[in-house]
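**Student:** Sequence:
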Amino acid sequence: MKKLLALLFVSNLLFAQNGTEIFLLDISESGGNITLSNPKNITNRRGYDNQPFFHPNQPLLYYTAMQDGQTDIWSYNLKTGVGLQITNTIDSEYSPTVTPDKKYLSCIVQRKSNGDQDLVKYNIKNPTETQMIFESQKTGKIGYQAWLNPNELITFVLGEPQTLHYQNLITKKDIVVAQNIGRSLHLIPKQKNFSFVQQIDRKWLIRSFNPQKNTITDIGESHIDSEHYNAWLSENIIFESRNTDIFSYNLITKEWKAVTLPDMLPKRKISRMAIKGNKIAIVIEE
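Per mature numbering (1 follows the signal peptide of the UniProt record, and there is no 0), the sequence shown runs over residues -16 to -1, 1 to 270.
What the hints contain is simulated information worked out from the structure, not anything from laboratory work.
The reader is advised that the hints may include incorrect statements.
Mimicking DSS-like on lysine-lysine, the simulated pairs with C-alpha atoms at most 30 angstroms apart in a straight line are [stated by the list, open to error]:
| id | residue 1 | residue 2 |
| --- | --- | --- |
| 1 | K105 | K174 |
| 2 | K260 | K86 |
| 3 | K87 | K105 |
| 4 | K238 | K63 |
| 5 | K87 | K176 |
| 6 | K260 | K109 |
| 7 | K109 | K156 |
| 8 | K187 | K238 |
| 9 | K96 | K63 |
| 10 | K187 | K251 |
| 11 | K187 | K86 |
| 12 | K96 | K109 |
| 13 | K109 | K122 |
| 14 | K251 | K174 |
| 15 | K122 | K197 |
| 16 | K251 | K176 |
| 17 | K96 | K156 |
Ranges of calculated distance between the beta carbons of each label pair, as one might list FRET restraints [to be verified]:
| id | residue 1 | residue 2 | range |
| --- | --- | --- | --- |
| 18 | I236 | G143 | 34 to 44 angstroms |
| 19 | N194 | L153 | 12 to 22 angstroms |
| 20 | E219 | G143 | 27 to 37 angstroms |
| 21 | R29 | N133 | 35 to 45 angstroms |
| 22 | N72 | M116 | 17 to 27 angstroms |
| 23 | E219 | V160 | 22 to 32 angstroms |
| 24 | R252 | I208 | 15 to 25 angstroms |
| 25 | N2 | M248 | 18 to 28 angstroms |
Don't be surprised by glycine CBs; every beta carbon is placed ideally from N, CA and C.
Using the sequences provided together with the hints, build the complete structure.
**Tutor:** As structure tokens, then:
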């Protein structure tokens, strides 16, 4: 019973639905200094708007929005400024991620009936067409995911402790890679390695997992007081949000530097981020 209650607590914590907004900004770099500018609140409403993810080819940003007590997936068109609801179900969808074949959105589906968290993919052209990827009754509750190719991915699985899994949909391989991990999972740009954050003793480390070699290497140290959300600007620069600030880490120089934020950006807590080219989407508390 204690374990079940703990899992329910962690599940609720992962998808804690405080009021948040998504801002879109421009990124520029000069002399090793990174500046964000031209902030635009693209959600601009009361409630939970979170978990942004850029489509790699289309001018679209996907995100999770709560209405009427449940969450659905929405898209925002960067060219037209129009928002569009993608899913409309009795369950709650989170963590929209474009699959490598660019045909589907893979999402965490939290079931209204029993609280299960399955990994499901939705056809982008016809979101009513869905396919189950992982059923949490068999794999454990899924929190987050990141893809290498249409058949290989890593997932955050809830538990005591929370674990990082590498899975192959063809071979059915399911390997526990690490435990005591954070919520930020990414495919590193121009690589076939994933990044994740892991607590080891009292430190939080940003680490790289190579699924071909089944090896882990350290990238850098995450700030102990941050919530360990990050996003890659390039294969050598990673961002981390820290309270109301954003810092960048250079893998070449091994240095953290503050990212310059515009004065007109609300001075409130920043959490998740997504980057595509010279655009960044950041989640800010209301």
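**Student:** None of the hints should be skipped; say for each whether it holds.
**Tutor:** So, going through the hints one by one against the coordinates:
1. Taking the CA atoms of K105 and K174, the gap is near 25 angstroms; set against the 30 angstroms cutoff, the hint holds.
2. Using a Cα cut-off of 30 angstroms, the hinted pair K260 and K86 holds, with the two alpha carbons roughly 15 angstroms apart.
3. For the given pair, K87 sits about 9 angstroms from K105 by alpha-carbon distance, which is consistent with the 30 angstroms threshold.
4. For a cut-off of 30 angstroms, the pair hint linking K238 to K63 is broken: about 36 angstroms separates their Cα positions.
5. Between K87 and K176 the CA atoms are separated by roughly 20 angstroms; this keeps the pair inside 30 angstroms, and the hint holds.
6. Straight-line distance between C-alpha atoms of K260 and K109 comes to about 22 angstroms, which keeps the hinted pair within the 30 angstroms bound.
7. Proposed proximity of K109 and K156 is supported: the alpha carbons are some 28 angstroms apart, at most 30 angstroms.
8. Taking the CA atoms of K187 and K238, the gap is about 17 angstroms. The hint holds against a cut of 30 angstroms.
9. Simply put, K96 and K63 have alpha-carbon atoms about 35 angstroms apart, too far for the 30 angstroms limit, and the pair is violated.
10. With a CA separation close to 27 angstroms, the supplied pair K187 and K251 stays within the 30 angstroms bound.
11. Straight-line distance between C-alpha atoms of K187 and K86 comes to about 36 angstroms, which puts the hinted pair past the 30 angstroms bound.
12. Our distance criterion of 30 angstroms between C-alpha atoms is met by K96 and K109, whose separation comes to about 25 angstroms.
13. The suggested pairing of K109 with K122 holds, with an alpha-carbon distance near 29 angstroms, which does not exceed 30 angstroms.
14. Restraint check for K251 and K174: the C-alpha separation of about 33 angstroms exceeds 30 angstroms, so the hint is violated.
15. Taking the CA atoms of K122 and K197, the gap is near 26 angstroms; set against the 30 angstroms cutoff, the hint holds.
16. Among the hinted pairs, K251 with K176 is inconsistent with the structure: their alpha-carbon atoms are about 36 angstroms apart, more than 30 angstroms.
17. The hinted pair formed by K96 and K156 meets the criterion: a straight-line CA distance of about 28 angstroms does not exceed 30 angstroms.
18. Range check, I236 to G143: Cβ separation about 36 angstroms, and the 34 to 44 angstroms hint holds.
19. The given range of 12 to 22 angstroms is respected by N194 and L153, whose C-beta atoms sit roughly 19 angstroms from each other.
20. At about 31 angstroms, the CB distance of E219 to G143 agrees with the hint of 27 to 37 angstroms.
21. For the pair R29 and N133, the supplied restraint of 35 to 45 angstroms holds, since their beta-carbon distance comes to about 36 angstroms.
22. At roughly 19 angstroms, the beta carbons of N72 and M116 sit within the given window of 17 to 27 angstroms.
23. A C-beta distance of roughly 27 angstroms is found between E219 and V160, which places it inside the suggested range of 22 to 32 angstroms.
24. Taking 15 to 25 angstroms as the suggested C-beta distance range, the pair R252 and I208 conforms, at roughly 21 angstroms.
25. Taken as a hint, the range 18 to 28 angstroms holds for the pair N2 and M248, whose Cβ atoms sit roughly 23 angstroms apart.
Hint compliance for this structure: hints 4, 9, 11, 14 and 16 are broken, all remaining hints hold.
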